[in-house]
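Peer 1: Line by line, the protein sequences are chains A and B. Position 351, counted from 1, in the first sequence is what the working numbering calls 406; the numbers after and before it change by one each time, with no gaps. Position 442, counted from 1, in the second sequence is what the working numbering calls 497; the numbers after and before it change by one each time, with no gaps.
The set of hints was computed from the structure by calculation and includes no laboratory data. Heads up, some of the hints might be wrong.
Copies of the same chain look alike in the list, so a pair counts if it fits in one copy or across any two.
[Unchecked claim] Straight-line alpha carbon distances no greater than 20 Å define the calculated PhoX-like cross-link-like pairs of lysine-lysine that follow:
| id | residue 1 | residue 2 |
| --- | --- | --- |
| 1 | 448 | 278 |
| 2 | 233 | 321 |
| 3 | 158 | 422 |
| 4 | 265 | 401 |
| 5 | 421 | 448 |
| 6 | 490 | 278 |
| 7 | 495 | 421 |
| 8 | 422 | 84 |
| 9 | 345 | 422 |
| 10 | 174 | 495 |
| 11 | 345 | 475 |
| 12 | 495 | 475 |
| 13 | 428 | 260 |
| 14 | 399 | 422 |
| 15 | 448 | 158 |
| 16 | 495 | 134 |
| 17 | 448 | 87 |
| 18 | 421 | 260 |
| 19 | 422 | 139 |
The primary structure of each chain is shown beneath.
Number of protein chains: 2
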Amino acid sequence: MDRKTFLGTTALASVGLFSHSISLPVFSKKNKINIGLIGVGARGQSHLDELCKRDDVEIIALADPDSDWAIPSSLEILKRRSRKEPQIFGKDDNDYLRMLEMKEIHAVIISTPWEWHVKQGIAALEAGKKVGMEVAGAISIQECWDIVHAVERTGTPLMFLENVCYRRDVMAVMNMAKRGVFGELLHLQGGYQHDLRAVKLNDGKSPYGKGVEFGDNGFSEAKWRTPHSVNRNGELYPTHGLGPIAMMTDINRGNRLVSLSSVATKSRGLHKYIVDNGGAQHKNAAVDFKLGDIVTTLLTTANGETMMLSHDTSSPRPYSLNFRIQGTHGLWMDDLQQIHIEGKTKPHVWETDQTWMETYDHPLWKKYSAEAKNAGHGGMDFFVLNAFVECCKNNEEFPLDVYDMATWSVITPLSETSVKEGGSKQDIPDFTQGKWSSRKNTFNHRADY
Amino acid sequence: MDRKTFLGTTALASVGLFSHSISLPVFSKKNKINIGLIGVGARGQSHLDELCKRDDVEIIALADPDSDWAIPSSLEILKRRSRKEPQIFGKDDNDYLRMLEMKEIHAVIISTPWEWHVKQGIAALEAGKKVGMEVAGAISIQECWDIVHAVERTGTPLMFLENVCYRRDVMAVMNMAKRGVFGELLHLQGGYQHDLRAVKLNDGKSPYGKGVEFGDNGFSEAKWRTPHSVNRNGELYPTHGLGPIAMMTDINRGNRLVSLSSVATKSRGLHKYIVDNGGAQHKNAAVDFKLGDIVTTLLTTANGETMMLSHDTSSPRPYSLNFRIQGTHGLWMDDLQQIHIEGKTKPHVWETDQTWMETYDHPLWKKYSAEAKNAGHGGMDFFVLNAFVECCKNNEEFPLDVYDMATWSVITPLSETSVKEGGSKQDIPDFTQGKWSSRKNTFNHRADY
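Chain A extracted, bound-state conformation (with noise of 0.2 Å):
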């Protein structure tokens, strides 16, 4: 099994490349469960794609204002999958709030714009549905505080849909995280280098490149995420980094993050871009960049790691997250796709990690291999979902939590704050408010889903 095999389809291939697939997996049908989708753009659509391929869920509604693009492409995912269509909540803005009154909704996945994420967020769990929340989860400390407080006054519970989480390489390394082969662990890296400036700017007509246009006159990211770049100057995007590495070190599960601090580039890769691409007398040329190309950010944990998260979009590079995990045993990186451990590989020299990927594959990844084949971004898409499904089938509490969405998604108010003040030291606040010391991590532990 070589590399590319082993990881799936690149990370890069997501939008636009569901397969086509009509052959259903085995899934309990016990307590099958009726979902409602809350935004269905580029990202809401690549999960109703994958929920259609599962016999245990019935799609029942659809909430999403965009009736030119979102809407009708949900509509046909559907009709490919031959399944029956749903209920369309597209008035306006706020009619996903009609949708959570329908009485058959068991849960709701939201991947909409990110400045919605806490507001819908609270109004589902409020309306007793269970919460599939994509990342980026929160913008603001207060939104965090909001989201948690509200899974504790409704006790319904909240899975955060960090997919990176489940991708094979890192289970496998998770793997072999708790089975000791680093030793005590000691610096982890983790970020999101990924040149999105194809995403940030588009045509407005289709979701890459093609022009230099953004917010209203763009087209999907482009519509939204790209006016953060103008306004924030911080690690807009932590949680595909942050996520593994929190789940490695325990985080909220007898160890907490405790303080971070940020450092910015100047910015220069947008603007460029646009100029470049639409010339310098295109109005957007004249566009005041807020996001510094590169930010970033140091972290110490309550049992003494140190984490370096590395946010990296807006200039061009090959995509990478930036992974980077030491012990006291040794290392393995990522980009290198090598590994170090003292006794185990020949001393000072790297060695390839394909051995050590084979041999810690995750039982999740070997039971699911054939199901999460065609899923997006490389197959862990199909985990996400299948944990968030089954715990909510089974009534059992998600692996990735609200504590979990509030403590990852707060680095990026925090750092915006380190970062307008020079790289100043930030608190990171405990959202679990001392559960931390005694909950248990049972992430890498299951083998069920």
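Once you've looked at the hints, dock chain B against the given chain A.
Peer 2: Frame of chain A; chain B shown alone:
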């Protein structure tokens, strides 16, 4: 030319690997200089051997209190190189002061334990001797100011002997940076990731491993370097990583370092090594090492770049200085030996850096590759000494000077404070007192030495 040939002998292979070749390169003997060496331990002997290859240098004095090993080994090198026996100043720790009274000495090279550097440097400057100063340079903020003031007061110059600035791939990448290959620079990384456990702990008789002794019972670096790991927690050895990226970003020459923050992991590696190799009952198993195993530092610059340094010397890992040079056009990564440049390499993927290294090979390396071939640390030791000797002979400004020494060295005490405060922001003093804005960076443009 493969990568290994390009880089010369491995950077790990320095101690004890002196070349036995006796062919001398041709240097101008006009203004031939007399040098005295202060400190002839492992590093001083490496310099001594290198200087012996030159017919434009006489080594007329050695100062070192170690008459057991340092002095006899040095005399052996001189004999093997058919050099005259120099005067020896080994009466006690302060005998170098008598050496500085020798009128015939033009310049000194200081390769002593870190805590002696500034004291000896100031004494040499006040005696009118040009100073070649080994890294690390100064261990307190006050010492950084003291050495700067000594150069300004005496008008005698100091060169900071940071050899990695002359590494062949580093100079090629600097050449690329200066010629605009990376566009406008944004983010740079460096570090000192070198498993020094068997250097910091040895048998008291040999420089590498075979025991777990240090301090009075240790040999060479274990004698004086290891106590820093007992007593200090911070970025203890910043210059190999910082020097090259500081020169690429014109630090002290149109740009300056503004602030830093540092975090450290828990300390495990040295204690574990002692227990694993000397047993839990060994007296050193009770030593409480303050130095965190991995110390990460973020830096900001006046021109809006960010930097990240990694200090990682107590864990099993392959050697790496962790370089990453990133600008608006793309980036190079040392660990990967790969590069990505928009419009020049294929979109979204890496390209091996070999052709780039050859195309941008620095003129100095082209000129002197034969002379550098057998020099220490893959040849770079030739260049740093050549620049020192030639600038001394021709009475020219040193390419790396006392402001670089102070600016790069002050990272250590500032990082110690930052680590102690959990990653607080520390302002970096401007040792040039404003001169940074008008000073010119000529480092890359020299083709002479």
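Peer 1: Hints first: check each against the structure and report whether it holds.
Peer 2: A quick look at each hint next to the structure:
no.: 1; hint: 448 <-> 278; result: neither (35 Å within a copy, 64 Å between copies)
no.: 2; hint: 233 <-> 321; result: between (39 Å within a copy, 19 Å between copies)
no.: 3; hint: 158 <-> 422; result: neither (34 Å within a copy, 80 Å between copies)
no.: 4; hint: 265 <-> 401; result: between (49 Å within a copy, 18 Å between copies)
no.: 5; hint: 421 <-> 448; result: neither (22 Å within a copy, 69 Å between copies)
no.: 6; hint: 490 <-> 278; result: neither (39 Å within a copy, 46 Å between copies)
no.: 7; hint: 495 <-> 421; result: neither (24 Å within a copy, 60 Å between copies)
no.: 8; hint: 422 <-> 84; result: within (18 Å within a copy, 75 Å between copies)
no.: 9; hint: 345 <-> 422; result: neither (45 Å within a copy, 45 Å between copies)
no.: 10; hint: 174 <-> 495; result: neither (29 Å within a copy, 55 Å between copies)
no.: 11; hint: 345 <-> 475; result: within (11 Å within a copy, 32 Å between copies)
no.: 12; hint: 495 <-> 475; result: neither (36 Å within a copy, 30 Å between copies)
no.: 13; hint: 428 <-> 260; result: neither (30 Å within a copy, 59 Å between copies)
no.: 14; hint: 399 <-> 422; result: neither (28 Å within a copy, 43 Å between copies)
no.: 15; hint: 448 <-> 158; result: within (16 Å within a copy, 89 Å between copies)
no.: 16; hint: 495 <-> 134; result: neither (42 Å within a copy, 67 Å between copies)
no.: 17; hint: 448 <-> 87; result: within (6 Å within a copy, 86 Å between copies)
no.: 18; hint: 421 <-> 260; result: neither (40 Å within a copy, 53 Å between copies)
no.: 19; hint: 422 <-> 139; result: neither (29 Å within a copy, 75 Å between copies)
When each numbered hint is compared with the structure, violations occur for hints 1, 3, 5, 6, 7, 9, 10, 12, 13, 14, 16, 18, 19.
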